[in-house]
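Asks: Protein chains in written order, with this note's numbering: chain Z, 1 to 222; chain E, 1 to 216.
Hint data in this document are derived by calculation from the structure and do not stem from the laboratory.
By construction, the Cβ of each residue, glycine as well, lies at the ideal position given by its N, Cα and C atoms.
Hints may contain errors.
Claimed, not checked - Only part of the chain Z face toward chain E is listed, based on derived beta-carbon distances under 8 Å:
no., residue
1, Ala6
2, Leu8
3, Gly21
4, Ala22
5, Leu23
6, Thr36
7, Lys48
8, Arg49
9, Asp77
10, Leu82
11, Leu84
12, Glu91
As the list claims (entries may be wrong) - Facing chain E, a subset of chain Z residues (Cβ under 8 Å, in silico):
no., residue
13, Pro3
14, Leu12
15, Gly78
16, Asp81
17, Ile165
18, Ile221
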Amino acid sequence: MSPLAALLVRDLRIAVRAGGGALIGVLFFLVVVTLTPFAIGPDLVLLKRIGPAILWLAALLASLLALDRLFSGDHDDGSLDLILMGRAPLELTVAVKGLAHWLTTGLPLVICAPLIGLLLNLDPPAQVALMLTLLVGTPALTFIGLIGAAIAVTLRRGGLLLAVIVLPLTVPILIFGVAAANAAIVGPTPFGTPFTILCALTLASLVVGPFAAAAALRQEIE
Amino acid sequence: MRLTAAELACERGGREVFAGISFAVEGGEALLVSGRNGAGKSSLLRVLAGLIRPAAGRLSLEGGDPELSIAEQAHYLGHQDAQKGALSVAENLRFWTGFFGRGGDTAGALAAVGLGGLAGLPAATLSAGQRRRLSIARLIAAPRPIWLLDEPTSTLDRGAQDRLAALMATHLAGGGLIVAASHGPIGLPAVKELRLDPSASSPLDETPLGLAGAAR
């Protein structure tokens with residue numbers, strides 16, 4: 001098995017075992033979205049109008065939840081030292097950790113979104129559009145989060161700092177993600193315009209995230 | 001194979017830990033780094049492992065793989081065990097063997113450190129000594145020529161110390177080299193010794209109680 005495949009398998013295993021972070025994000029997502037209709041009341045028109053925004057906000061916060069352990073878990077038990085001594089480029093190693101994180105926290109959100117969309121009075125075409133925007137947008141949340149996780153790696157309680165660093169950077173993704181979903185539901189702008197920009201933001205973060213996070217890790221580890 | 005350090009210096013948090021350290025270790029040789037607490041033994045090993053950038057001086061390796069850095073040809077056995085409690089003993093070892101490339105004989109390595117019967121157990125249930133033995137199994141399962149060992153015998157019982165000594169002797173006989181930091185003997189018959197004796201400029205010597213001087 002190649003070094004990167006070994007790392008991916010290990011991170012996936014840890015995430016789904018007891019004490020791993022995989023289910024926490026999805027549960028948080030489901031709880032927030034389920035509670036929203038109770039808080040707002042049975043106004044179906046209003047729910048339909050703000051549904052995509054609620055789902056996107058919940059997904060954003062849920063993907064932050066397990067992020068602070070992404071590198072600090074490996075730092076605390078000494079694994080990060082050994083990972084730095086591996087022969088794979090650190091940027092790729094970091095990207096693989098991001099991929100494992102997205103597969104265990106981002107992808108479950110995407111799969112849950114259509115089901116939970118029913119609670120917010122979203123009809124099937126709207127659910128598909130929303131799912132598509134989440135599928136494209138959540139990797140960007142993870143890979144931008146990598147940077148914050150790497151910067152906060154040596155801090156005991158890095159979670160808050162992580163949120164402060166990461167959330168401002170995710171604003172463009174939130175804007176275009178919700179805009180694309182709304183365009184598909186209420187118009188009048190075409191779905192393609194904000195969706196293409198969302199894709200571009202994701203592609204950029206897939207490149208910038210691992211490089212910035214690897215640079216931060218090299219500095220922090222000393 | 002020859003690992004050479006010339007005038008190495010290390011700073012942590014703006015304070016000089018050590019300076020002017022020079023040594024050379026050949027393949028088949030072991031270097032024992034000794035010195036009192038805070039003398040910089042662990043820092044020296046972390047510099048060799050590429051985890052701390054030296055403040056001055058240079059490190060070089062002759063006869064190794066020119067494509068790889070020194071750290072990429074070294075194993076580092078630190079104070080932390082680098083194991084995940086949620087994974088089993090065998091899964092932990094298989095991961096590190098896979099990550100360091102050339103997936104080796106993990107079952108044989110577990111047997112060599114006396115953990116053969118515990119392969120399926122979650123690593124969280126191991127004792128401190130058993131976890132250390134699992135870390136040592138990594139050195140055997142994924143061969144790398146340089147071993148950097150930080151207090152390798154701590155938490156090991158008598159039998160495990162003897163077994164580690166035998167493994168180190170095998171590694172040296174195969175042309176590998178070892179740099180070990182330890183307070184006491186590590187069970188190897190002939191070792192070079194590098195004593196880190198900080199000069200009077202060490203911050204610890206300036207403690208008002210004079211404890212550092214008394215301990216020496």
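Asks: All the hints need checking, so say for each whether the structure fits it.
Replies: Each hint tested on the structure:
no., hint, verdict
1, Ala6, "3 Å, holds"
2, Leu8, "10 Å, violated"
3, Gly21, "11 Å, violated"
4, Ala22, "12 Å, violated"
5, Leu23, "14 Å, violated"
6, Thr36, "33 Å, violated"
7, Lys48, "42 Å, violated"
8, Arg49, "43 Å, violated"
9, Asp77, "6 Å, holds"
10, Leu82, "5 Å, holds"
11, Leu84, "6 Å, holds"
12, Glu91, "15 Å, violated"
13, Pro3, "5 Å, holds"
14, Leu12, "11 Å, violated"
15, Gly78, "3 Å, holds"
16, Asp81, "6 Å, holds"
17, Ile165, "24 Å, violated"
18, Ile221, "6 Å, holds"
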